[in-house]
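**Student:** Listed below are the residues making up each chain.
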Amino acid sequence: MSVLKFSFVLLMLLVFASQCYVSVTIAQVSESEASSALTTAEGAVDSAYQAVLRAEEAGANVSGLLVQLNDAGEFLAEARMAYKAGDFGGAVHFADLSRGIGEEVMNEARELKDLTTTESMQRMWFTMTGSILGVACIVFGSFFSWRFFKRRYFNGGFGAEAGGYA
Amino acid sequence: MNLEEFRMVFATGSLVLMLIVAAPTLSLIVPFSSGSEHFSEFWVLGPNHMAEGYPFNVRVNESNSVFVGVGNHLGSSAYYLVYVKFRNQTQPLPSATVSEPSPLPTLYEYQVFVADGGTWEAPLTFRVLEASRNDDCMLINLFSINDVVFVVNSSAIWDLECKGFYYQLFIELWLYNTTSQSFHFHNRFVGIWLNMTAT
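Chains as they are written, first to last, in the numbering used here: chain H, 1 to 166; chain U, 1 to 199.
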């Protein structure tokens, strides 16, 4: 009987200990998950910002993307504060929201940059062609105008003496 | 005017016309710097959006608010971190001379993206939730910023000269550096003094 009682107590102790172990393990996993989610979200937002900067350098209007990035930043700040307060569930939730927006912004920024670069190239070729044609017209125009002017000058059209120029 | 002079006028006129026509293409090739100074603005305003009426005498459970703002004149969109910290008179402030942030822990933070030439502003509402006084010592235990509660456990000794228990709520500006891919203290901070008057 005493062996049975001892076994029961031992079993109860084991059940209690396993619950403690499991709860501690879950808490640790949650913290590491939260930390990992935060790192991923930070990386996504950083990459999104850099993509937006590249789009801006290419000449794109990025004001809409900045509004979205501000939403991502707000969620990321919430995630960091939740993590510091030990609310790992909240941290993961906000970090995931932030990461989602960050990835979306990054894709949009890349598309915008490509579109703007293509448009800039087209505009540049148009401008260069226009300039080259314009300069060529001026060169030819000047040349023929000068010839016409010189002929008039020697014919005395400007009141000059025809023999005045050797 | 002889023909040689006419030729000079013609050549100069043609050259000027050519430069005018080629200017759009030249502007694509030759980089023109704007020459303007790059900097960030950072401010804290009172509850009426003015540089006056800042909260000073604070009580437990009394809500106080200010506005924090950032202006970007860095020549491109910028990524800022705004850290809100709390200290008593003896705890360190950021050092502007060596560009070091305060080592005190961050309570609240804003993470903001501001377009070049743009500004950002947000309300900052704070409240002392729990404080206790023991003769000439005040201890603030709980402090909330924008309804997020923080354990601060910050004590202040009675200031004989200024007659009060003084604390400071200060805000640091950090800037994301794309080269190092990390945030750096932007050497700017603002703050308001608080006198904990009654528990």
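Simulated from the structure, these hints should not be mistaken for laboratory data. Just so it is clear, the structure is predicted and the values come from calculations on it, not from any experiment. Misleading hints may appear alongside valid ones.
Stated by the list, open to error - Some residues of chain H that are not near chain U, with every Cβ distance over 10 Å (derived): (1) S32; (2) E33; (3) V52; (4) E56; (5) E57; (6) L97; (7) R110.
Stated by the list, open to error - Pairs of lysine to aspartate or glutamate residues, derived as EDC-like cross-links and limited to a Cα-Cα distance of at most 16 Å, are as follows: (8) H:K84 <-> H:E33; (9) U:K163 <-> U:E121; (10) U:K163 <-> U:D135; (11) H:K150 <-> U:E4; (12) H:K150 <-> U:D136; (13) H:K84 <-> H:D46.
From the three backbone atoms N, C-alpha and C, an ideal C-beta is built for every residue, glycine too.
**Student:** Indicate, hint by hint, whether the structure satisfies it.
**Tutor:** Cross-check of the supplied hints:
Listed as a non-interface residue, H:S32 keeps its Cβ farther than 10 Å from every Cβ of chain U; the least gap is roughly 22 Å. Distance check on H:E33: its Cβ is at least 21 Å (rounded) from any Cβ of chain U, clearing the 10 Å threshold; non-interface status holds. With a cut of 10 Å on Cβ distances, H:V52 falls inside the contact zone with chain U, its closest approach being about 6 Å. A beta-carbon of chain U comes within 10 Å of the beta-carbon of H:E56; the shortest separation is about 6 Å.
For H:E57, the shortest C-beta to C-beta distance to chain U comes to about 7 Å, within the 10 Å cut-off, and the non-interface label is violated. Against chain U, the non-interface label of H:L97 holds: every CB pair exceeds 10 Å, the least being about 13 Å. With a closest Cβ-Cβ approach of about 16 Å to chain U, H:R110 is found to remain outside the 10 Å limit, as its non-interface label requires. Our distance criterion of 16 Å between C-alpha atoms is met by H:K84 and H:E33, whose separation comes to about 14 Å.
Of the supplied pair hints, the one linking U:K163 and U:E121 is violated, its CA atoms being roughly 33 Å apart against a limit of 16 Å. A threshold of 16 Å between alpha carbons decides the hint, and for U:K163 with U:D135 the separation of about 13 Å falls inside it, so the pair holds. A hinted pair counts as satisfied when its Cα atoms are at most 16 Å apart, and H:K150 with U:E4 qualifies at roughly 11 Å. Simply put, H:K150 and U:D136 have alpha-carbon atoms about 102 Å apart, too far for the 16 Å limit, and the pair is violated.
With a C-alpha separation of about 21 Å, the suggested pair H:K84 and H:D46 falls outside the 16 Å cut-off, and the hint is violated.
In terms of the numbered hints stated before, the structure departs from hints 3, 4, 5, 9, 12 and 13, listed from lowest to highest.
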